[in-house]
Amino acid sequence: MFTYTLRRLAFSVPVLLAISLVIFLLIDLAPNDPTANLPLTIPPEMREQIRTSLGLDAPTHVRYLLWCKQFFIYEPLNLIEALTGWGGLGEDRLRVQSWSARAPVVDLIVERLPQTLWVVGLAMLIGIMIALPLGILSAYRQYGWVDQVGTFIAMVGFSVPSFFLGVLMIIIFSVKLGWFPSIYDTTHKVSDWQSFVVQMRQMIMPVAVLALYNAAQFSRYMRAAILDNLHQDYVRTARAKGMSEVRVMLGHVLRNSMIPVVTVISLTVPHVFAGAIITEQVFKVNGLGQLLISGIQNGDVPLVQTLTFLFAVLIVAFNLMADILYGLLDPRIRYD
Amino acid sequence: MGHNRFSAWGFATTFALSLMPAAAVAERGDAGHLNILYWQAPTILNPYLSSGPKDIEPASMVLEPLARYDEQGSLTPWLAVEIPTLANGGISKDLTTITWVLQPGLTWSDGTAVTAHDVVFTADYCMAPEGGCQQATKFSDVTQVEALDDLTVRITFAGSKPFPYGPLVGVETPILQQAQFADCVGASAPSCTAQNFAPIGTGPFRVTEFRAGDVVTFEANPAYRDPAKPGFATVTFKGGGDAIGAARAVLETGEMDYAWNLQVDPAILNKMAESGKGHLIRSFGTPVERLMINRTDPSARLGDARSTREGGAHPFLTDPAVLGAMSAAIDRAVVAELGYGAAGKPTCDILPAPAIYASTTNDACLTQDLAGAAQALTDAGWVDSDGDGVREKDGVRLSVLFQTSTNPVRQDTQALLKSWWAEIGIETELRHIDPSVFFGGDQASPDTFQKFYADIQMFTNFFPGTDPEAYLNNWTCKSIPEPTNNWLGFNIPRYCDPAYDALAIELAQTAVLEDRAAIARTMNDMLMQAGALIPLVHRGDVSAQANTLEGVRMNSWDSELWNIADWTRAK
Chain A
1 MFTYTLRRLA FSVPVLLAIS LVIFLLIDLA PNDPTANLPL TIPPEMREQI
51 RTSLGLDAPT HVRYLLWCKQ FFIYEPLNLI EALTGWGGLG EDRLRVQSWS
101 ARAPVVDLIV ERLPQTLWVV GLAMLIGIMI ALPLGILSAY RQYGWVDQVG
151 TFIAMVGFSV PSFFLGVLMI IIFSVKLGWF PSIYDTTHKV SDWQSFVVQM
201 RQMIMPVAVL ALYNAAQFSR YMRAAILDNL HQDYVRTARA KGMSEVRVML
251 GHVLRNSMIP VVTVISLTVP HVFAGAIITE QVFKVNGLGQ LLISGIQNGD
301 VPLVQTLTFL FAVLIVAFNL MADILYGLLD PRIRYD
Chain G
337 MGHNRFSAWG FATTFALSLM PAAAVAERGD AGHLNILYWQ APTILNPYLS
387 SGPKDIEPAS MVLEPLARYD EQGSLTPWLA VEIPTLANGG ISKDLTTITW
437 VLQPGLTWSD GTAVTAHDVV FTADYCMAPE GGCQQATKFS DVTQVEALDD
487 LTVRITFAGS KPFPYGPLVG VETPILQQAQ FADCVGASAP SCTAQNFAPI
537 GTGPFRVTEF RAGDVVTFEA NPAYRDPAKP GFATVTFKGG GDAIGAARAV
587 LETGEMDYAW NLQVDPAILN KMAESGKGHL IRSFGTPVER LMINRTDPSA
637 RLGDARSTRE GGAHPFLTDP AVLGAMSAAI DRAVVAELGY GAAGKPTCDI
687 LPAPAIYAST TNDACLTQDL AGAAQALTDA GWVDSDGDGV REKDGVRLSV
737 LFQTSTNPVR QDTQALLKSW WAEIGIETEL RHIDPSVFFG GDQASPDTFQ
787 KFYADIQMFT NFFPGTDPEA YLNNWTCKSI PEPTNNWLGF NIPRYCDPAY
837 DALAIELAQT AVLEDRAAIA RTMNDMLMQA GALIPLVHRG DVSAQANTLE
887 GVRMNSWDSE LWNIADWTRA K
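Same order as they appear, the protein sequences are chains A and G.
First residue of the first sequence: 1, per this note's numbering; consecutive thereafter.
First residue of the second sequence: 337, per this note's numbering; consecutive thereafter.
No lab work stands behind these hints, which were simulated from the structure alone.
Here the structure is a predicted model, which means the values were calculated and not measured.
C-beta: ideal position from N, C-alpha, C; glycine also.
Hints should not be assumed to be uniformly reliable.
Claimed, not checked - A few chain A residues that face chain G, going by a derived Cβ cut-off under 7 angstroms, partial list only:
#1 Ala36
#2 Pro44
#3 Ile50
#4 Val175
#5 Thr308
What the hints assert, rightly or not - A few chain G residues that face chain A, going by a derived Cβ cut-off under 10 angstroms, partial list only:
#6 Leu484
#7 Gly590
#8 Tyr836
What the hints assert, rightly or not - Label-pair restraints from in silico Cβ distances:
#9 A:Val190 - G:Pro465: 47 to 55 angstroms
#10 A:Val62 - G:Ser755: 25 to 33 angstroms
#11 A:Lys176 - G:Ala603: 50 to 58 angstroms
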């Protein structure tokens with residue numbers, strides 16, 4: 001297991017390097033121009049100067065290697081220095097800079113993380129907490145009322161797009177009823193009970209929209225996996241041995257059914273960090289999803305490149321984690 | 337939210353009544369907190385490194401220029417004592433220098449004095465090579481900026497400059513503090529993140545927190561020159577979302593006090609405004625939605641010479657009868673109402689504002705005249721001889737390719753024009769191109785607005801500030817986009833008239849405002865009478881404000897927040 005993990009980790013280094021190159025080339029070859037959004041009155045010579053000042057006149061491979069140097073060497077060094085407080089203070093390392101904010105990309109990401117983790121992460125947790133029991137009950141009493149209601153909710157969650165549901169909730173709960181704010185205040189700090197309630201109120205709508213989708217997705221996988229297992233011989237054996245239904249369901253069926261669900265969930269976790277692009281826009285949460293989309297709109301290549309690459313790292317990491325979890329869930333799965 | 341606001345109201349009323357005599361004297365910050373929503377989020381607060389209004393306008397709450405434009409488009413002294421003119425000696429006789437005098441006693445928000453050296457530094461900061469200063473064109477013909485004493489600055493231009501109010505005037509080029517930005521000149525300008533996020537200024541507010549692309553918080557500047565202002569103590573400047581959401585936050589939920597740039601379907605906006613929490617405000621600057629007529633032949637058989645003067649004149653779009661008929665067939669009031677609602681009014685001029693420059697010669701086009709247009713075509717010999725509904729003459733059919741950028745309003749307008757032109761026997765083929773390609777300026781793309789491989793195209797252009805000289809220069813012969821100049825230049829119709837070019841030279845040598853206006857009106861009329869451009873809609877800006885907000889004077893010539901020091905909450 002340990003050597004397997006090491007081998008996988010070692011293998012992910014060239015994979016990630018290849019991914020970073022592909023992302024860079026894709027973004028570079030796509031038609032985008034950081035000066036396209038400037039007013040038409042800015043003359044073309046000026047635009048050319050702006051592009052030059054952003055380093056866009058250098059050849060592609062030079063820009064790629066510069067990004068690699070900044071991202072793989074400078075940023076980790078800066079992080080180590082910031083954490084330990086020693087080292088080349090005053091040394092002038094050029095960090096990965098956003099073109100539109102003229103600020104280090106990593107700082108922007110760190111600034112956006114709290115609201116994304118709060119909103120999208122919480123929605124993920126709530127989604128899982130709803131989906132697992134719902135999936136189990138739905139499968140256990142297939143075509144019972146829980147199953148019917150669960151199927152209905154899942155269908156709604158899957159088929160109603162978040163830009164519609166989000167706006168609908170704003171119109172009902174903000175405009176008509178006035179219960180919740182339609183604009184998320186990222187500067188709000190939770191210090192006491194009162195401010196905690198304010199934080200809850202501003203999170204309810206975006207979290208609900210996202211949790212519904214997550215719950216819909218996971219509960220269907222959970223239900224299908226349990227249905228597959230319920231008719232297996234080992235379940236009949238367990239019941240014949242006189243085990244309680246709870247023991248059969250949670251001890252045997254659930255554990256075996258978790259394998260596909262773990263795959264789905266662990267591949268969804270990186271999406272938490274990618275933010276929820278549409279939902280963040282609708283509720284003005286301004287997390288990582290909004291950062292990515294505004295970077296794309298502004299032709300902010302370093303920002304988009306760094307963000308996309310971080311998502312790639314997370315996806316590779318969680319894939320590995322899912323593989324390891326398989327081994328824990330099913331002792332027959334061995335990688336050595 | 338609802339009853340909270342109500343009780344606060346009740347309290348405010350009692351409070352105001354109990355303090356009647358004192359309430360007459362406003363105090364700094366007594367209006368409390370202000371919420372502003374710009375649906376494009378600011379990413380930097382240094383106008384020299386970003387020319388987007390989303391960055392420049394929040395920066396204008398902090399940074400101020402020597403002079404700026406009020407809501408009428410008139411130049412108003414701001415940090416300067418007065419506007420330098422020929423008459424008061426501020427502009428030299430040969431029109432090559434302008435001398436500004438700062439108000440005495442000005443301080444930065446950190447309490448230090450504002451001097452002429454800060455002004456000189458700001459100019460040098462923008463003119464430094466490698467700094468990537470996005471306002472460099474404002475300084476393009478400045479040769480020297482020098483401090484004559486602590487309050488006097490002289491700007492010297494390379495040649496005579498009849499309108500010298502470019503550099504350090506208006507929202508784009510405010511004064512930076514030398515002490516703060518001294519290490520940020522040239523190549524290091526973009527890496528000065530702390531400075532660019534929280535510049536020290538002379539304005540009514542100072543930055544307390546800046547989160548790029550999300551939110552800015554401001555507080556009243558304790559050192560602001562008017563002790564009774566600003567009215568608000570703190571400001572949250574939120575960004576993000578979309579225009580509809582921004583309108584809703586002001587008009588329907590009342591969470592925000594001011595929302596900017598609401599380019600939304602007019603029907604939706606009017607419906608939202610019925611909620612009674614806020615209202616729409618508008619102002620008109622210089623943007624005009626116009627048709628550009630290709631005066632050269634765009635035919636594909638010409639190869640590389642298509643849409644260039646080398647390829648020859650257009651087969652029929654230089655005929656005044658055809659151009660006049662096409663213009664007369666348009667009901668501009670309908671186009672304005674359907675597409676822009678309150679944010680548009682019909683216009684017959686390419687230069688409709690400021691008022692002093694607006695011509696009235698062409699106003700006949702405001703009334704649609706389909707019968708007259710059809711008659712004019714017949715009189716000119718354009719008749720439908722083969723009965724296919726399209727007029728022709730000498731084997732040339734009146735069939736045009738009409739392109740624009742992809743945008744629902746523009747597509748609606750295209751369809752309207754097509755139907756009107758069909759009624760007078762002109763066939764129209766419609767095409768729309770993705771805006772990033774159309775406006776992208778990619779030399780390799782055949783679909784850019786400069787290459788203009790079509791007969792007619794439509795978009796909006798405008799000029800910043802109030803002086804139209806550079807704008808009118810767009811239609812001189814040398815501004816025609818061609819392969820030899822890499823398709824750069826804004827003379828999209830390929831209009832070339834020596835008489836027009838002569839007027840452009842005369843304008844560049846005229847200093848008295850009234851004379852400049854007369855020349856500009858003549859140039860506008862020449863363009864209109866030649867039919868090089870067919871103006872459709874004078875487009876305004878629409879914003880929304882809460883009903884409780886007072887003192888807003890919306891301005892299309894400068895920042896919308898230009899007088900934010902005067903904003904207060906209704907008592």
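**Message:** If you test the structure against every hint from before, which numbers come out violated?
**Reply:** Of the numbered hints, 5, 6, 8, 10 and 11 do not hold.
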